[in-house]
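*Asks:* Sequence order for the protein chains is A and B. Residue numbering for the first sequence is 8 to 352, as defined by the working numbering. Residue numbering for the second sequence is 82 to 198, as defined by the working numbering.
There may be inaccurate statements among the hints.
Label-pair distances were calculated between CB atoms; the ranges are [claimed, not checked]: (1) G196/B - P273/A: 31 to 41 Å; (2) D292/A - Q107/B: 28 to 38 Å; (3) R196/A - D100/B: 12 to 22 Å; (4) R167/B - S304/A: 17 to 27 Å; (5) R192/A - D183/B: 21 to 31 Å; (6) G125/B - E324/A: 24 to 34 Å; (7) V328/A - E115/B: 27 to 37 Å; (8) R176/B - D292/A: 47 to 57 Å; (9) D45/A - S131/B: 54 to 64 Å; (10) S306/A - D197/B: 30 to 40 Å.
Reference listing, derived: stretches of chain A covered by chain B, where coverage requires no fewer than 3 residues with Cβ under 8 Å from a Cβ of chain B [unchecked claim]: (11) 16-30; (12) 74-81; (13) 242-252.
Calculated directly from the structure, the hints in this document are not laboratory data. Nothing here was measured: the structure is a model prediction, and the numbers come from that model. From the three backbone atoms N, C-alpha and C, an ideal C-beta is built for every residue, glycine too.
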Amino acid sequence: MITLEDDSLMFRFPDVHDAASCAIEFQRTLRIPDDGRDYPLPPGVGRFPLRHLDDFRADVPQDWHRRGGVIAPMHQAEAMWINFTSGAGYPFAVKIATGKICALTGDGWVNHLNGDPQDYLVLPDQPWLDGYCVEEGVIRQFVAMPLGAGYTVEEQLTGEALHGGLQIVVYPMKPERYRQLERLRERLRERRDDVVYCFEEPNPENVACMFDMGLAPGGRMRQEVYDDSYGLDAWDQRNASRCFVTIANSAQWMAITGERPPTVLPTAKQYTTAGLPWFEWYGGDAEALAGADKLRSLSSVAQFGKSKGERPLPENETVEVTHTVGLRSDDATRVREFSSGETGG
Amino acid sequence: MTHFGNTLRTRRERLHLKDKSFSLRQVALRIGVEPAYLSKIERGEVAPPSEATTVKLARELGEDPDVLLALAGKVSRDLQDIIRKRPRLFADLIRQLKQAPDDAILRVVREVRDGDW
Chain A
8 MITLEDDSLM
18 FRFPDVHDAA
28 SCAIEFQRTL
38 RIPDDGRDYP
48 LPPGVGRFPL
58 RHLDDFRADV
68 PQDWHRRGGV
78 IAPMHQAEAM
88 WINFTSGAGY
98 PFAVKIATGK
108 ICALTGDGWV
118 NHLNGDPQDY
128 LVLPDQPWLD
138 GYCVEEGVIR
148 QFVAMPLGAG
158 YTVEEQLTGE
168 ALHGGLQIVV
178 YPMKPERYRQ
188 LERLRERLRE
198 RRDDVVYCFE
208 EPNPENVACM
218 FDMGLAPGGR
228 MRQEVYDDSY
238 GLDAWDQRNA
248 SRCFVTIANS
258 AQWMAITGER
268 PPTVLPTAKQ
278 YTTAGLPWFE
288 WYGGDAEALA
298 GADKLRSLSS
308 VAQFGKSKGE
318 RPLPENETVE
328 VTHTVGLRSD
338 DATRVREFSS
348 GETGG
Chain B
82 MTHFGNTLRT
92 RRERLHLKDK
102 SFSLRQVALR
112 IGVEPAYLSK
122 IERGEVAPPS
132 EATTVKLARE
142 LGEDPDVLLA
152 LAGKVSRDLQ
162 DIIRKRPRLF
172 ADLIRQLKQA
182 PDDAILRVVR
192 EVRDGDW
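Let the sequences and hints guide you as you build the complete structure.
*Replies:* See the structure below:
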């Protein structure tokens, strides 16, 4: 079952295991320059608001209502990353797609998991996903663009603008595999008398709706997507929960929900000039996926715009990052979020 | 020491063992209060802080904000607003669910509907 709690999607599988729950949220972030350079991880600056689509049945197109799920607002050319939390450490396989194109393989949507090429990421090993896996250790950032303009991954790969948005399916680990894993973890804990976290597990006609927003490949960022060290057989594919996240542009969000969308964020240059930190992730020894040829061959938003004589990304100046904070696997979520101007009560 | 203060201190000190940035001083700075004030909160010498500060503390320490607010004897503003809008309905619902086991409560929680896509 999926519930919406404090702008997070909570996935729970009480019929599989009491500990089988995880949260997925969408973090607002700086759009990194789309200039061919590789950048470190930008900060999270708060969650995108999420609402049940069913709450606005009278105000949304029939297509949107048919999909179900939730709705989120994004400004054109705004970026996001996806934050995964498995509080109890229960493992999950999670597939992420945009416009029903897998963000790891570039293949079309299927409801089951594929191991070769691996079309899912594994929680809790993978704390975040910032974009499309284009090379080993490199992603291209998720950037919102209007569906129908040709920029999105869906349009570049299929020539159609039918779906937009973002799609998720979550599969819990089989309970018997989890119990084996727990026994292994317990033995590891007993062997260690220090407290350093060091986890070593086995290792227009064809446009469905002109209102939709989709996601397109932005600038390059250093981020690894990890190989599944458990194997395809570990996942309980009979117990999946999936969700369609419809992305509305700011004007639509206001018209539908009556709420103001989040304010526009500072640019990467403004953020960096202010001396604020970027991040690097040290995830241990896990193997990284190689990235997909299909995704690698896509044009980034800036490249695509140039070919059309357009300038889709305002404020796309190259940034010299000098302040980078290294993160380890036990403090990932806490420190990658940056809240500006908050004062105590 | 109050249960609230004790919970905070225990959690912070556990994190501090792994990460020196969870010192009293650094946590206080990150949530925007004086270290001496946070120390008094942990020792139960002052009343729990405002809702906003409690929520910041919860997020800083990886605790659930609603749980920490409850330990502080508070209910979050958004929950109060929800109840005020339909007080009879929610009061009745909460009383009926008072003794229900967790799994029964989860069954009445509204699910995100998956449609056809």
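*Asks:* Okay, which hints does this one fail, numbers in order?
*Replies:* Those not satisfied are hints 4, 6, 9.
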